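Here the protein sequences line up with chains A and B, keeping their order. Using this note's numbering, you'd call the opening residue of the first sequence number 1 and step up by one each time. Using this note's numbering, you'd call the opening residue of the second sequence number 236 and step up by one each time.
All the given hints hold, so there is nothing to weed out.
Facing chain B, a subset of chain A residues (Cβ under 7 Å, in silico):
| hint | residue |
| --- | --- |
| 1 | 1 |
| 2 | 151 |
| 3 | 190 |
| 4 | 191 |
A short list of chain B residues far from chain A (calculated; beta carbon distances all over 12 Å):
| hint | residue |
| --- | --- |
| 5 | 285 |
| 6 | 293 |
| 7 | 313 |
| 8 | 327 |
| 9 | 358 |
Worth flagging that the hints you see were computed from the coordinates, not collected in a lab. Quick caveat: nothing in here was measured; it's all calculated off a predicted structure. The beta-carbon is built from N, C-alpha and C at its ideal position, and this holds for glycine as well.
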Amino acid sequence: MCRVVDLQQAVLARNDEHADLLRADLAARGTTVVNLLSSPGSGKTALLELELAMARERGVPVAALTADLATENDAVRLARSGAPVKQVLTDGLCHLEARMLAGHLDGWLPEATRLLFVENVGNLVCPASYDLGEALRVVLASVTEGEDKPLKYPTAFGLAHLVVVTKTDIARAVDFDEGAFRVNVAQVNPGVEVLLTSARAGQGVGALLDRALAAGDGEPVHRPVMAASSAHHHS
Amino acid sequence: MHEMSIAMAVVEQVTAAALDAGADSVQQVRLEVGELAGVVPEALAFSFELACGGTALEGAELIAEPVPGRARCDDCRTEWPTGMPPKLWCPSCSASSARLLSGRELRIVSVRWTEEPEPVRVLEEC
Numbered sequence: 001m002c003r004v005v006d007l008q009q010a011v012l013a014r015n016d017e018h019a020d021l022l023r024a025d026l027a028a029r030g031t032t033v034v035n036l037l038s039s040p041g042s043g044k045t046a047l048l049e050l051e052l053a054m055a056r057e058r059g060v061p062v063a064a065l066t067a068d069l070a071t072e073n074d075a076v077r078l079a080r081s082g083a084p085v086k087q088v089l090t091d092g093l094c095h096l097e098a099r100m101l102a103g104h105l106d107g108w109l110p111e112a113t114r115l116l117f118v119e120n121v122g123n124l125v126c127p128a129s130y131d132l133g134e135a136l137r138v139v140l141a142s143v144t145e146g147e148d149k150p151l152k153y154p155t156a157f158g159l160a161h162l163v164v165v166t167k168t169d170i171a172r173a174v175d176f177d178e179g180a181f182r183v184n185v186a187q188v189n190p191g192v193e194v195l196l197t198s199a200r201a202g203q204g205v206g207a208l209l210d211r212a213l214a215a216g217d218g219e220p221v222h223r224p225v226m227a228a229s230s231a232h233h234h235s
Numbered sequence: 236m237h238e239m240s241i242a243m244a245v246v247e248q249v250t251a252a253a254l255d256a257g258a259d260s261v262q263q264v265r266l267e268v269g270e271l272a273g274v275v276p277e278a279l280a281f282s283f284e285l286a287c288g289g290t291a292l293e294g295a296e297l298i299a300e301p302v303p304g305r306a307r308c309d310d311c312r313t314e315w316p317t318g319m320p321p322k323l324w325c326p327s328c329s330a331s332s333a334r335l336l337s338g339r340e341l342r343i344v345s346v347r348w349t350e351e352p353e354p355v356r357v358l359e360e361c
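Okay, chain A solo, but in the shape it has when bound (with noise of 0.2 Å):
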């Protein structure tokens, strides 16, 4: 017998039911997730290095998982630090999901991590989509790359949490317009925090550390517009 039977079933349903767990749990043991998305060379490493060693120098117990597709080098140098570093091989996915992360962290993860930041697989698109239980979803994008990439990638740019502008040092050999910029983000994602960051100059790593502990302290984040539930959850 042939049937038509109404489902109305969310397909990212388990990797948030997922996720949300992975929250709850990790918020009761004092953890808070930051997770870093950008296209490959943003420089996300270079500044996560920095965002570690200062953290340990504040004395805030923090560690960092970094995924990609292949090598592990990424954790050779965030081990640099000092921090507890876990190198993720996704084998060619391109993007992680919370039952991998969650399944990553248990038997690693130190008890007392305040912070850890999820430094995701270098990719604009599909890691978009993954909720990873973050308290803080950063999205980063060098001056180099253009100030048109939050149209290019609305997906990531309009769910961001916060934005940030890496290697501002060289934002005028590359001619970056600021300004371009911060009218893209604001067009896919109204009222985001975009902050300027520069790895060699030591701009912003404090910035950004700092707003990392205060959305683990529960300080309210920014609401995409793109986030919006009623668009997610009505049937």
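For chain A, the structure is supplied; the task is to place chain B on it using the hints.
This is chain B only, laid out in the frame that chain A set:
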């Protein structure tokens, strides 16, 4: 290409629902795909065909219904199509109090499957 992961999630969810209902073969899956869902329909169709192989969905047809992005201003109550890339500032009063009404959908709406007729249960032979 996360469309493969999405296709596999669809197959997993439909398989579970079919199992619950006692359906053994699925002919069609209808999805709503929002303009702002970050999914490429062609890539999804390709991935879906692969993901269905060897499951109760083998050979099933995928119908992806596009859902346009729409937003509404909470201040002046203007409604507008967001377009792509989306414009999420109110075009009438420039307020930043927009609310997304649609466009992020990625949902399984319905499925068509074949259910085995309830077997007649023989309680007692006589």
